[in-house]
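S.K.: Given the coordinates of chain Z, assemble chain U onto it according to the supplied hints.
Which chain is which? The protein sequence lines are Z and U, in order. Everything in the first sequence is counted per the working numbering, starting at 102 for the first residue and increasing by one. Everything in the second sequence is counted per the working numbering, starting at 102 for the first residue and increasing by one.
Take the hints with a grain of salt, since some may be wrong.
Heads up, the list lumps identical chains together, so a pair's fine if it works in one copy or across two of them.
Below are the EDC-like pairs computed for lysine to aspartate or glutamate, each with C-alpha atoms no more than 20 angstroms apart in a straight line [as the list claims (entries may be wrong)]:
#, residue 1, residue 2
1, Lys140, Glu264
2, Lys140, Asp297
3, Lys391, Asp373
4, Lys126, Asp185
5, Lys126, Glu275
6, Lys126, Glu261
7, Lys391, Asp337
8, Lys160, Glu232
9, Lys103, Asp375
10, Lys126, Asp268
11, Lys126, Glu264
12, Lys332, Glu202
If you are wondering where the hints come from, they were derived from the structure by calculation, not from laboratory data. Predicted model only: the values in this text are computed from it and were never measured.
Protein chains: 2
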Amino acid sequence: MKRYLSMINSALEACIPDGNFGEQKLIDSAAYSLRLPGKRVRPALTLAFCELCGGEAQKALPFACAVEMIHTYSLIHDDLPCMDDDDYRRGQASNHKVYGEDIALLAGDALQSMAYTTMLSDTAVKAVGAENAARAARVLAEKSGLLGMVGGQTIDIMSEGKEPNLDTLTVMDEKKTACLIEAACMMGCICAGADDAKVAAAERYAHAVGLAFQIVDDILDVTSTTDELGKPVGSDTDNEKSTYVALLGIDRCRRTVDELTAQAVDALAVFDCDTKELADFAVALANRKK
Amino acid sequence: MKRYLSMINSALEACIPDGNFGEQKLIDSAAYSLRLPGKRVRPALTLAFCELCGGEAQKALPFACAVEMIHTYSLIHDDLPCMDDDDYRRGQASNHKVYGEDIALLAGDALQSMAYTTMLSDTAVKAVGAENAARAARVLAEKSGLLGMVGGQTIDIMSEGKEPNLDTLTVMDEKKTACLIEAACMMGCICAGADDAKVAAAERYAHAVGLAFQIVDDILDVTSTTDELGKPVGSDTDNEKSTYVALLGIDRCRRTVDELTAQAVDALAVFDCDTKELADFAVALANRKK
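Pulled out of the complex, with its shape left as it was, chain Z reads as follows (with noise of 0.2 angstroms):
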């Protein structure tokens, strides 16, 4: 998944736009973030499942960026004073703390658009066709919006001080995380004009893969030491959040995850081609150690 890495941080840079006139700092704060280092797991997994329908990744590079806009644009708004309130991300000051909140807000906002104008474009729309333009550009806005991603971080709200309760972490979960790693995954395929069980199969390993990655996320916080993890332990029991440790205990959340891969690997079937990366990956990310 590494092979995709610098084509998608050219392509990302080569979205930035020149400002025109006096909107110098909204573009600074939006490249900013998106500029911050990152795995580019989810525009990686978009050009994976491209390939993976036997397509071309530089047609789905377009779709790719506009996962990581809506991606980054969401940790802009999450750190903002009103809802995490937090001062670093990705061991750099977050959007706010340089920019201030009002730029910070906006430049989340324009990412959202960004990601639209980007999928849109005249370049992008030749590549897949519009149809399948059209309906990857939906998937990722279903998928990131009211019942989606921005609805997760609702339940994420609303479910504080509340007893901790397996059903609604796991619905956090699935609309917060795993629904953007369902769009990513899905576009590729509809990218590279796959079939509907294509798209549905691509959505379960997504949806396996993105609650398997929360519930190690947990099982860390308690197993590992900070220096491995590189990010302090221990602070989903000082935050009284609710985990899937605390829940149902380590060793059935290892056996959860262990399921969840499963699913994932199982999932690849449909699929033609050699579908090992993609199978390591998921496996991979269950075995991760921070």
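M.R.: Frame of chain Z; chain U shown alone:
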């Protein structure tokens, strides 16, 4: 233009989904602002331009709703404490006063994505064709984004406390206000499959109407009474806001409004149908008393 009002309000109402798990407060928050009574000028313009180009208004309805959703999200975010910190909007409590800052922020984010799920729904895409749907959605994204509406809001923030300047004020209003009206008018033409000359004429019409509207706003703030206007007059002077009246004087402002209105009416010449309604609309906006 009023004849479109009930059609638009019904269509907007139909876009409000049922919550399926815990995100009901987010849906209520988005619906609250979407339902605030308004003249629905932007979506009405989308439908009017669609009909002017020989299309059925019904087909452009999802696109008209999308424009209103973008407008609504921008108002919610504009009212937030880190922006204008307004407690009231259209005579009612602003969104964050009712639902809290966190939910208001997310409701704005969700309304932006809802604009795209609405425009790119199966029904909307089938009605106007995938090429036109993708193009209309791209126009809305461009006009509302980094170099459009959100860019204009940034120029507004950046020019606070600086020496008033006609160029800055004009570009700010072109972006902050006129851009979304331009998108509304252009999208109507695109939905009807109109040629580039007509789309460009719709953009010119909207640009002139949008700027004239802002100048009239400034004139009324000094010439009207609070009773007539239905909101406090003299607020621009009180807020030390840079205005056209302060920069140009009332007489030159009135002449500019007349010139812009003439430009708007001239732009309609390219359309084959009866353009009286849209010409009258431009004149009525210029002559309004509130």
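S.K.: For each hint, tell me whether it holds in the structure or not.
M.R.: Consistency of the hints with the structure:
no., hint, verdict
1, Lys140 - Glu264, "neither (34 angstroms within a copy, 44 angstroms between copies)"
2, Lys140 - Asp297, "neither (29 angstroms within a copy, 42 angstroms between copies)"
3, Lys391 - Asp373, "neither (32 angstroms within a copy, 65 angstroms between copies)"
4, Lys126 - Asp185, "between (23 angstroms within a copy, 18 angstroms between copies)"
5, Lys126 - Glu275, "between (35 angstroms within a copy, 18 angstroms between copies)"
6, Lys126 - Glu261, "between (35 angstroms within a copy, 14 angstroms between copies)"
7, Lys391 - Asp337, "within (15 angstroms within a copy, 55 angstroms between copies)"
8, Lys160 - Glu232, "both (14 angstroms within a copy, 17 angstroms between copies)"
9, Lys103 - Asp375, "within (17 angstroms within a copy, 59 angstroms between copies)"
10, Lys126 - Asp268, "between (42 angstroms within a copy, 18 angstroms between copies)"
11, Lys126 - Glu264, "between (43 angstroms within a copy, 19 angstroms between copies)"
12, Lys332 - Glu202, "neither (25 angstroms within a copy, 29 angstroms between copies)"
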